[in-house]
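Those protein sequence lines, which keep their order, are chains F and B.
Heads up: the first sequence is residues 1074 to 1505, going by my numbering.
Heads up: the second sequence is residues 34 to 444, going by my numbering.
No wet-lab data here; the hints were simulated from the structure.
For every residue, glycine included, the Cβ atom is placed at its ideal position computed from N, Cα and C.
Treat each hint with caution, since some may be false.
Claimed, not checked - Some chain F residues near chain B, calculated using beta-carbon distances under 8 angstroms: (1) 1134; (2) 1205; (3) 1209; (4) 1234; (5) 1249; (6) 1298.
Stated by the list, open to error - Here are the in silico distance ranges between beta carbons for each label pair: (7) 1376/F / 201/B: 58 to 64 angstroms; (8) 1132/F / 263/B: 27 to 33 angstroms; (9) 82/B / 1393/F: 33 to 39 angstroms.
The chain contents come next:
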Amino acid sequence: MPLRWCREDRRGPAPEGRAGAGPLSGIRIVDLCWVYAGPVMTRMLADLGAEVIKVESSRRPDGTRLGRRPLDPVLPVPEGVNVDLECQPLNHALNRRKRSVAINLSAPEGRQILLDLVAVSDVVTDNFAAGTMNRMGLGYEELRQANPRIVAMSMSGAGQFGRLRDVPAYATSLAALSGLSSLVGEGPSLYGIMMPTYGDSNAAIRAAGSLLVALLGAVRDGQGQYIDVSEWEAGLVGLEEAFLAAQLTGSSPGPRGNTSDYACPHDNFRCRGEDEWIAISVLTDAQWGALCEVLGIAADGVVPFPAVTDRLRHRAELDDLVQSRTSARDAAELTAVLQAAGVPAFPVLSVEGQFADEHFVDREVFVQAEHPLVGAEVVPGAPFRFSTKHDTAAPPMSAAPLLGEANEYVICELLGRDRAELTRLVADGVLT
Amino acid sequence: MSWAASDESSRGMLAGLRVVELAGSVSAAHCGRLLADHGAEVISVEGTRPSTLRSRGPHLRRGPGVGDSALHATLSCSKQGMALDHRTPAGRELFRRLVAQADVVVHSLGPAEAQAAGLSLPELADDHQLTCVAITHFGQTGPYRDFLGDDLICCAAGNISFGIGARAGRPLKLPLSLASYEAGAVGFLAVMGSAVGRANHTLDGPAVVDVSTVDVLASLFSTGITAYPYRGVVGRRNGNHGLALYPDVFLPCADGFVGIVCNQLKQWIRFLELMGNPSWVENPRYRDRRRMTEEYPEEVDALLVPWLAERTREEIFDLCRDKDVPVAPSYTITELLSHPHLIDRAAFRELEIAEGERVLVPGWPAVFSSIETVPWRRGPRFGEHTEQILSDLLGVPESEQEVLYAAQVVS
């Protein structure tokens, strides 16, 4: 069928993307993002096939390049490479499948190179503090003059305007500001903090989606766009349910632990071994019957509290009962038995447990990349699997780039300048 | 048809994009809602009995009864509603005709069910420009593809629960249905990627996207992957203490709680200055951030709490912002609904969840320079658009419709 929404007549000529290299092949992103949330966002766009060129500089390196050197190079170090900026696993994880150009943006010539690169690109992204791009002379007006079809996204803690626009975004402060902290805990205990990086990754997912909405307008209609993303507001979206409850009941919800209004038992239960637990989620009365049978709870074939309403009323008692039957069991073995009996269950995995579990390799949640200095290493895969009739439509995996590894590609290939010019720009400290 | 693919007045970047959403899961519903927010025409297909989501809380003030779920009203806003049992032969045939008219299908079926519904790659016609997104707990492949699950199970498998809760205490899932919301948002991202690819001629023919909630959590939210191969297990839950060097902590104050995080030593020193440099700051024990983090965080907490207890969240927030120390107040859900900064940015929008009943719901978390916000429409009652879709979209004659209703293929 025709793509009605595509407005066939307004589609331009096909770009030079390679079929089967991901739906965004042919899209070029000039990526000024650094540290965490921004790089997670552009990593997902790279997973969809976009060419992501990370713009950085040894004068002001991405914070994730810094710190004590945790990995040692096992391969020869090319001349001019500063090993101390190249061996951080977090940096490798956040930036795999990207390229890197090292430009000194405080030099006027460096700024001009960036604008020239923008002219041959589709997207510019940054996650600096609000207003920084304007101060660098790289505001949307300047970018638009370089390329009227450019989609520019700024992602910041609280957005580019509003009275708290200067609030910095760290995981802990974002969780507190967005109301998430008020929900993290159990019973009377409010912990407020989670080890998983919720705020950054959630903002990254929602920013990437917003960027593609705008990019559709640019590709289809030639419409440029500026997008102002607030990580704080991104953190509100998933709390929709809590905002409804607050307005409809008149009071703010608090922490609920693992409890559910509809399922019981519904908790993590201790198993054999140190800090080993199994998640068991009884969603139906039939599943409760099956759980009782597996755990030997149905003495004489009589299932206690067969109705969920009764179970919810006796939650603490039932949790103790189930706990008493799981504590001597192996979490993985019990999971297999329960799933076979139709009861939702799974061990509470540590990262060690995940590395030992074939699911995560089989599904390419963890993949290998060949880093030019540290060799083979594990990095996170794409959060989706995209297949077409041709192939799996995933671009080849590549390791995180060495700082400035794409200088020649950008200057000579994309901007069409000669090698003598490249040498001069390095000598003049413009490419550094 | 009354909603309008070709209507000139239709608005939003996705106007004309037709999406069939097989209803039932929060993740698929959230994905569909994000598409509808940008003007896609989303047809939510329920079975011939109302989805269980229709009875989930929070409930409308007027409840109770079928259709009293405020959550469902919010997740389904701006969508069309059709009740069709795609598991019956006649229903399957209608469903296939519906899919043939669609650009995108979003569902939460496992691999066997997806194949039966004609939604896996081999079953899709070669020339059909359809993007089919499955959002399931464990994905369409791998050893656990047929495992049962929910948010609790996914947070366990995704190395999320391991990092939330008291030290050595019970692991906790993400609050609410956050795991499902994240998976839904990743589904939306994949659909948008396919839309750009089709408009740009870099995607042709059917595309199938497999989103697993466990994989989304493990690859994007878990903190262990990068550190494990060289540092061993990290990210074990630690109560009110976070992953970064001390202070990365959540503590009580006069009127609630604050989150304190100092990425740099100089920020911690400035925080101590704010406290008036109490006598203990001279002790090197309270300058060694690694030892404070690993050996005695509670001891340092106890030194901060009396100072915090004498001040409100806003007082602490103002003092710290002035000195560029990243401390933030912990807001309650109710407080956020009227927060001045969020009002400045129109972060909440009003939604009619039932006749005469309006609530504030978080809006799109980004401001676009020239993409208009599409007005929200009240979500469909059960089967509200079944007849219209049968007549207008599928061209089923009235006499056949009667048969379908009588046989409970549609409702």
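How the hints compare with the structure:
no.: 1; hint: 1134; verdict: violated (15 angstroms)
no.: 2; hint: 1205; verdict: violated (15 angstroms)
no.: 3; hint: 1209; verdict: violated (19 angstroms)
no.: 4; hint: 1234; verdict: holds (7 angstroms)
no.: 5; hint: 1249; verdict: holds (4 angstroms)
no.: 6; hint: 1298; verdict: holds (6 angstroms)
no.: 7; hint: 1376/F / 201/B: 58 to 64 angstroms; verdict: violated (33 angstroms)
no.: 8; hint: 1132/F / 263/B: 27 to 33 angstroms; verdict: holds (28 angstroms)
no.: 9; hint: 82/B / 1393/F: 33 to 39 angstroms; verdict: holds (35 angstroms)
Checked against the numbered hints given earlier, this structure breaks hints 1, 2, 3 and 7; the rest are met.
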